[in-house]
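2 protein chains.
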Amino acid sequence: MDASPTAAARRAAAIAATMRRIGYLTRRGVFRGWLTEPGPDAELRKLALLECLGVYDHSLAIKVGVHFFLWGGAVKFLGTKRHHDKWLLDTENYVIKGCFAMTELGHGSNVRGIETVATYDSKTGEFVINTPCESAQKYWIGGAANHATHTIVFAQLHINGRNEGVHAFIAQIRDQDENVLPNIHIADCGHKIGLNGVDNGRIWFNNIRVPRENLLNLVADVLPDGKYVSMIDNPDQRFAAFLSPLTLGRVNIAVNAVYISKVGLAIAVRYALSRRAFSITPDGPEMLLLDYPSHQRRLLPLLAKVCMMSSASNFMKNMYVKRTPEISKAIHVYSSALKATLTWQNMTTLQECREACGGQGLKTENRVGIFKAEFDVQSTFEGDNNVLLQQVSKALYAEFLTTQRKKKSFKGLGLEHLNGPCPVIPHSLTSDILRSSKFQMDLFCLRERDLLKQFAEEVARHLAQGESREKALMLSYQIAEDLARAFTERTILQIFLEDEMNAPAGSLKDVLGLLRSMYVMVCIDESASFLRYGYLSRNNVTTVRKEVMILCSELRPHALAIVGSFGIPDAFLSPLAFDWIEANARSSGRE
Amino acid sequence: MDASPTAAARRAAAIAATMRRIGYLTRRGVFRGWLTEPGPDAELRKLALLECLGVYDHSLAIKVGVHFFLWGGAVKFLGTKRHHDKWLLDTENYVIKGCFAMTELGHGSNVRGIETVATYDSKTGEFVINTPCESAQKYWIGGAANHATHTIVFAQLHINGRNEGVHAFIAQIRDQDENVLPNIHIADCGHKIGLNGVDNGRIWFNNIRVPRENLLNLVADVLPDGKYVSMIDNPDQRFAAFLSPLTLGRVNIAVNAVYISKVGLAIAVRYALSRRAFSITPDGPEMLLLDYPSHQRRLLPLLAKVCMMSSASNFMKNMYVKRTPEISKAIHVYSSALKATLTWQNMTTLQECREACGGQGLKTENRVGIFKAEFDVQSTFEGDNNVLLQQVSKALYAEFLTTQRKKKSFKGLGLEHLNGPCPVIPHSLTSDILRSSKFQMDLFCLRERDLLKQFAEEVARHLAQGESREKALMLSYQIAEDLARAFTERTILQIFLEDEMNAPAGSLKDVLGLLRSMYVMVCIDESASFLRYGYLSRNNVTTVRKEVMILCSELRPHALAIVGSFGIPDAFLSPLAFDWIEANARSSGRE
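First to last, the sequence lines map onto chains U and P.
Residue numbers are given in our numbering: position 230 of the first sequence equals residue 242, and the series is strictly consecutive.
Residue numbers are given in our numbering: position 91 of the second sequence equals residue 103, and the series is strictly consecutive.
Some hints here could point you the wrong way.
A pair holds if it fits inside one copy or across any two, identical chains being indistinguishable in the list.
27 Å max Cα-Cα, derived DSSO-like pairs, lysine-lysine [as the list claims (entries may be wrong)]:
| no. | residue 1 | residue 2 |
| --- | --- | --- |
| 1 | Lys465 | Lys418 |
| 2 | Lys420 | Lys521 |
| 3 | Lys341 | Lys420 |
Calculated directly from the structure, the hints in this document are not laboratory data.
Throw the hints in and build the complete structure from the sequences for me.
See below:
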C-alpha cells in the first residue's frame, strides 16, 4: 500500500539536507552564544531566528530546537557547573550533537509512567541504564536515528531497591565518527507524514554505564555512597522541575503556529484577490473570490484570529524570556493554553486556506497543503493539546480553591476580574456596544467566571458522591473544555487590547479595532456556549451574526495590507501568491 | 524550501506503480464488461471493486475512475452509437487510455467560463480546437501527463461566429507509442500533497483538428454544413447534460470517504483499546484510552456518524444505478449534499483519529495520517463543497417557490414532511423522548422547514430591495449553509431509519438505535443552530449534552464489534491496529 520504493532514499536525502543547512548556519556563526550569552535580549534574538527557520523549513527548526533547547536547555537548566563546563560550548559549536530521550513507545504524555531504569551502582559510582521491555524503548527521539552523539535519558532512578522517580542523565550514544556505541541499539522511526528531514529514532539501552556525575543534579543528586539528596522534598514538584525544558518548546510551537498561519493566509488572501469565478450578472465579468461575502466569511475571521494570536504569542515569548520563579506557574498555564489553542487554530486555518485555493492548494509548491502535514505534529508533541487544556482547567480550579480556602483575592493569570462584581451585559446590543472593548471584555469575563464556578460545582458534586479528585475531574471534562477555551479567549483578547491601546490613534488603530471586534464576534458566532449558558439572548446572537457580515465587508479593503503587514518575504510565499497564470505559462519553462 | 531532489524520481515511481497495478487488474480480466455489460447489478459490482481499490490505493482508484467513469462515461452517456462502436471496447481493454479535459487553469467550478474554443470548419468538416490563452490550459487532467492517448475536451463551440456554449469532443493526444501528437503540448502538474500516483497534467491545444463525428452528440449535433441542432432548447439544461458524467464521480467520492473514515476509526478505536495512559488511582494500573470519558467523546460520535453516513452513501449508490430521468434532479441534490458532507466529515474524522493515536498517527505505515493528505482533494474536486451546498439550498428554494406558485405539494427530496402540519417538540425532554425516532425526525424536520422558510424570506427581502436573484442568493449565504446542513442531516437520519426498521429485533437493532441517537444528539450538541433559532430550550440542550455522555458509556462496550462490522481486511488496517508493541520490537526485524 505504500507504493514508494524510494522512500528510504528520499528520507535520507531530506535528513542530509537538514544537516547541510545546520552546517551552513554553524559555519556562518549563527549559533554563537546561543547557550552561553546571557539575558533576555540574546534569548529573543535566537528565538527570532528559530522562527524564521521554522517558516523556511520545519525540519530544520525542529532539529535545531532539539539540539539547542531540549538537549542544550536540559544541560543548562537541569545541570550544574560540571555539566556546563563539559558540554555547553561543544553543543554551541555543534561539535557534539545532542538529543532528548524522554518519550517511550508506551509512554508519551504520561512521562511519570516511563519504564527505562537507571540503577545506581555505588561500587563503581555509576548509573546502569537499561531498557527493561519493548514498551520502554525510547521513541520519536529527534536526531537519534542518524546523527546524535549524546542524549539526555529520562529514567526511573533506582537506588538500593527504592525508586526515586524520574530523573535525567547524560549518555553518549555515538562516537565522533557517528558509530553507535556498544550496548546501545538505535533504529529509525520510519517515514512520517511530515518532518522527514528530522531523523527521529528509537533507542534501546542494554545496561550501559554512565558516571555518577552525568546525573543532571540541579534539583536532586546522588552522593557517591548512594545517598539521595534533593533540595525539593515534594516528589511532584521535583518531577515538574524535570519537565521544565519542555516549556520553551511549547512557547516556540505556539509562536511558530502563528507564523505558519500567516503564510497560509497571505497566500490564500492574495489568491482570492486575483482569482475570479462565476459572474452574478449575465455575461458580466467573473467576480474576485474575495468579493463573495461567503469567501470573506471563510478567510477574514481567520485573519482577525491570527492577528490576535500573534499578539498573544509575542506576549508569551516575552514573558518566558523574563521568567522568574514567581511566574513559573503562570508561564505553565499560559503556554499550555496557547500552545493548544494556537496549534489547533493553525490547522483549521491551513485547511480553510487550502480549500479556498481549490486544487492549487494541493500543489506542494504552493506550500499551504504541505504545511498541513508538516505542522500536524504540533497538536500532540510536547504535550497533547487535550491534556494541556485539561491542565489549564485544573490549574484554574486549584486557584479557585486556594482563594476560597484562604479567603484571598485572585492574583495573576488575568483572573483579577473575579475579585470585582459580576459584569452585566446590556439587554439589547447595538453595533456600537458590540464593538466596544468594555462589552467584549465583560462578556468574556462573565463567561469565564461562570464556567469556573460551574466547573468547581460539578467537581464538588462528584466528590460528594464519593469519587476521587482525579475521577471527579475526569468526569467533568465537558465543562473543563469550555472553561479552558473561555480562559484562553479572554487571555488573547486582554493581551491584544494592551497592544491596541499602545497604538497611536489613526487608521492603524482603527484596523486593530476591526480585527478585535471580528475576533470577538466570531468567537461568539462559532460557539454554542454563549447561548447554552445564557450569557447572550437569541436576539443578541442574531445581531452578532449580522455584525460578522458587516465586519467582513469593512475588513475586505484592508485584507491585502494586513497580510502585507505580516512581513513574510516573497520568497517564503509561493507562486500562487503572485502571478500564478504567468508562473504556469508554457513559456515559463517550469513545465 | 522543497528539500527533495528525488521528488521527480519518486513521482515517476508512484505513477509507474499505478500503471503496473492497472495492468495487473486488466490482465486478470477485472474490468471486463465495465462499459458494455448493462444493468444495475453490473454497475454495482464495478462500483464495489472501485471502493476496494480506493481503500487500498487512492491513486489507483482515481486513475481507474478517470479512465472508466469520466472518459468512458462521457463516451457512453454523451456519445452515440458511432462513438460507442469506435471506443468503448478498446477502453474496456485499456488498449486506449482516456482522460477528461474539463478544468482549466482559470476555471474550475465555473465550467461555463472555460476558454478553450472548438470552431467548426464546414469546408473540411472538422472542429479546430485551440487554447487561446494561458488561463485556458487544461489543468489537473488525470492521466494526461504520462499515459493518456485520448481525451474528452470541453470547449466553447463556435459556429459561424456564434458561441453555442460548452460541448464535449474527443481528441487523440498521443499515438500508441505514447508520443504526444503534433500541436499538442503536455506538461506535468507537479508534485501534490497526495495522489502522486496519478499523472495529473496540463494540456495546450494549438489549433488541432478533429473530425465532426468526434463531437459527443447525444444532446446536440452539428450537421456537415454547420447547422447546429439540439434536442434540448434550453441552454442551461443542455449545459447540465454535459456535466452529467460528474454525478457518478460525486457518488463514488462520497462512498469512498465513508470507507476511509471506517479504516481510520477501526485503527483509532483498536489503538484506544490497547494503549494505556495515566492512572486515576495512586500506583494503580494505567487506564485504557477508550475508558476515558473524554476519549469516548472524541471517537464514539464519529463512529455513530460514519455508520449513519454509510447507510446514506449506499442509498445514494443504489439510487444512482437505478436512475431515471424523473429522479435526475434528486440525484443531483442528494449527491451534492452527501459528497460535501461526507468528505468534510471524513477529514474531521481522520484528524481526530490521527490525534487520538498521538505520534503514532503520524507514521506513514499507520495510514491515518497519510489518508489526510491523500483524501484532502475530495472536498474540492468534482465540485467544490461550498459551491455544492449552495446548489442544494438553491434547489430547495426553487422547489419551495414551485410548490408555492403552483399550489402543489412537495414531492421528492424527502420534503414531503413540509406538506403536513409543523411538528411540535415536547417542552421537557427525557432520555426516552430524546432517543425516540419520532422526536428525532420531528426536530430535524422542524429545523429544515423553518430554515427553508427563513431562507426564502431573506432572499425575498433582498429581491424587494432591488437585488438580482443571483445577488440575493449570494447575500443569504449564512442561512443557506444552515439550510443545506439541515437538509443533509435530516436526509441521513431518514435513510438510516429505513435500514434500522428492516433489521430484525434484537441486539443489532439495539446498537443501531444507540448509533442513531448518538448521531442526533451530537448533531444538536455541536451546532448552535437549535438554540439560535429556538428549536430547543437551554434546558433541553443541557439534557442533550448529558445524553451524549450516557450514550458514550453505552456504546463503549460495542466499539470493537462496530469497527469489526466494517469488514475491513486486516491487511488494509495497519500495525497500530494490532500488537503495536510487538510490531515495534527490536526482534521484529522491522527496524
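Comparing the hints with the structure gives:
For a Cα distance limit of 27 Å, the shortest separation of Lys465 from Lys418 inside one copy, 17 Å, qualifies, whereas the shortest one across copies, 57 Å, does not. In the homo-oligomer, the alpha carbons of Lys420 and Lys521 never lie at most 27 Å apart, since the shortest distance is 37 Å inside one protomer and 56 Å across protomers. Taking the shortest Cα distances, Lys341 and Lys420 sit within 27 Å of each other inside one copy (18 Å), while across copies they are farther apart (67 Å).
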